[in-house]
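Protein sequence lines correspond, in order, to chains A, B and C. Take our numbering: the final residue in the first sequence is number 409, and no numbers are missing along the way. Take our numbering: the final residue in the second sequence is number 1160, and no numbers are missing along the way. Take our numbering: the final residue in the third sequence is number 2175, and no numbers are missing along the way.
Quick caveat, the hints were computed from the structure, so don't treat them as lab data.
Cross-link-like lysine to aspartate or glutamate pairs, in silico, EDC-like; alpha carbons within 20 Å at most:
no., chain 1, residue 1, chain 2, residue 2
1, A, K339, C, E2023
2, C, K2145, A, E71
3, C, K2014, C, E2040
4, B, K1155, B, E1018
5, A, K103, C, E2021
6, C, K2081, A, E258
7, C, K2026, A, D108
8, A, K73, C, E2153
9, B, K1150, B, E1138
10, A, K73, C, D2146
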Amino acid sequence: MAEPVEVNFPELKHLVSERAFKGETVLLNMGPQHPSTHGVLRLLLELDGEVIVNCVPDIGFLHTGIEKNMEAKRWLQAEVMTDRTDYLNNTGNNLAYCLAIEKLADLDVPPRAQTVRVILVELERISNHLIWLGTQALDLAAQSVFLYCFREREAILDIKEMVSGQRMMTTYFRPGGLWRDIPAGFEIAVRRFLRMFPERLKQYEAILTKNPIWLDRTRHIGKISLEDAIALSQTGPVLRGSGLAYDVRKAQPYSGYEQYDFIIPTGTNGDVYDRYQVRMEEMRQSLRIIQQALDKLPYGPFRSNNRKYVPPPRAELGTSMEAVIHHFKLWTEGFNVPKGAVYHPVESPKGELGYYLESNGGNQPYRVHMRTPSFLAIQALPIMAKGHLVADLVAIIGSIDIVLGDCDR
Amino acid sequence: MGIEQKAGDMGIVTVGLEQAVNWARTRAMWPMLFGLACCAIEMMSAQAAHFDMSRFGMELMRASPRQSELMIVAGRVARKMAPVLRRLYDQMPDPKWVISMGDCASCSGVFNNYALLQGVDEVVPVDVYVAGCPPRPEALIHGVLTLDEKVRNEKLTTWK
Amino acid sequence: MSEEHLKMTLKSLKDRFGLHESELMKYPPTLVADPAQMVEICQVLRDECEFNFLCELTAVDYWPEEEPRFNVVYGFYSHAKNVRIAVRVPLNGDNPSISTVEGIYRGANWHERELWDMFGIHFDGHPDLRRILMPYDWEGHPLRKDYPLGYEEPQFTFNYDEIDKRKHHGRYEEA
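Excised from the complex, chain A in its bound form (with noise of 0.2 Å):
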């Protein structure tokens, strides 16, 4: 038995059971800086023995005051920071702020925009989730998974160097459409990832899926009740896991997405496991979508002919005087959203994303918020937490996918 601990700060006395203060527990800090907590997460733990009694996160390690930068900068400027809020998931970031101005604004959107911003959405998905994996299979000793998704994840990045120039933070999505037409080598090269993806997917199912190692790691850790998922707001493979088959493209679907055939997945435990099922399935109803969008690629224009919100292609400035005026007024000013605010939830990979945007009918946002699925995610981190080992605490946290810059924003 240890000696009684002495908790300092009287507020902070809540957090700790009774046991601590008797010696028979011990604290534990897993700190900011660890190799299995996916970014700055701390955790306290609170273990008898190595079984955990209680688990407490602190988060804010890497809170970056992205809402209120926001507010200081034009609409088309806040874009670029919604690149690096959840920066696993770009585009996806990028699609909820500029469906969200285009409900404030009833911009129409063409369909060959919203065709390939599908497209590019659901590729970030399938890439989202080969880093889940590599790094879920990396932290319970899986070292080549790691690599291996990490190879897939270039051929995806590929694609988003050809579109816009950058392999991380796009900004490719605008409000209107995109940034610009996509290249000639779009299709072709969507099209050998489609081909080659399958194959690679069966593989990481042959190593992981059957593997009484991963079963004996990954059953019945972790469990989640799906009462207790609805009451702690979870969304997305959590939720789904335990039982619900709610997606945000289904119930509400946005950016076309009625158009696409595809089944959501669910599991029946709520355990890591099914959580694991759930996702690797998750991408390939993301590879039926990508092809059914791929043949149904429409012609037209790529953006929203509105000129108050869309800058004039750059043959017109020869010839129009309004062009000019509206181009120099987009760059200078920038655009002006009319007064209103909007809630638009949209599914991320991790879960439903909503960005709640109130504009007083300036050229700068008023609010921004960005409710995040990690954010809640890691609120229902004790309850799956309570009495495993901390080894399986390692398991938990790479099953509900979080990225703290989704949840510190």
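Assemble chains B and C onto chain A, guided by the hints.
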């Protein structure tokens, strides 16, 4: 001349102490796992198979500061994280170097506000700054090679 | 089916609590409520109208208007009927406080901590109200409009010397 000529074919090479030690230091510099945000993903990509960093000596990423020599600060450092960063830097044994990877670590990048350190050189001395948001893995490797050159040119009197 | 459920819910809430619709929010359909009614509204929404999911809890600061200064926005979703609804609650500027809904929707716990941290809105009855995103000893509530951004002036050639005198960036002295 001198010893080498007399030793003939015995396989002895003479070299300056500085050169030898600096060469050894650059060839196996193990970085500490300090990925904070988006740049960490590009650092992981640089470590992965496509842009392999282990051909430059960074075979492993050590999680413990006691066993590493290079701290690659990859990502934005919040004010809450700054004391942690300084503590980890102090826990690293000499010789140690710091690469500030990305715009946010060098100068806080896009985010000029209350919540971030405006550049990680407010708390630790930086040897090489790598620009980019996030820098490509090739840019990070170029930063590592620049650090190699810097270490190669260190003199005996400035060794830590 | 979801449209009818939405109309039914809006009508029943308006009749029971005397609320009116908000013109500011374009989507989802929103009602404006009093802080004192909020706990009861949440109870009714969860138990009778099947809105079992709290998806959004945030606030907006309208400084320099003092009354109301804050507007707390609650967003609800019903899984069974696929309907979204939102409620806005105006709060005054000095010592803004409202009772917690954490007893009804457990997910509101961290959201309310974040609102306390960022805006200074106190939640009565919250079991653990302390700072979540900023350091423990931080003073001030950053997302309020009268809190400065903390913008650091970039150093160009024309103001090189003035900024150099103010801070010694890059020149680190060995301890």
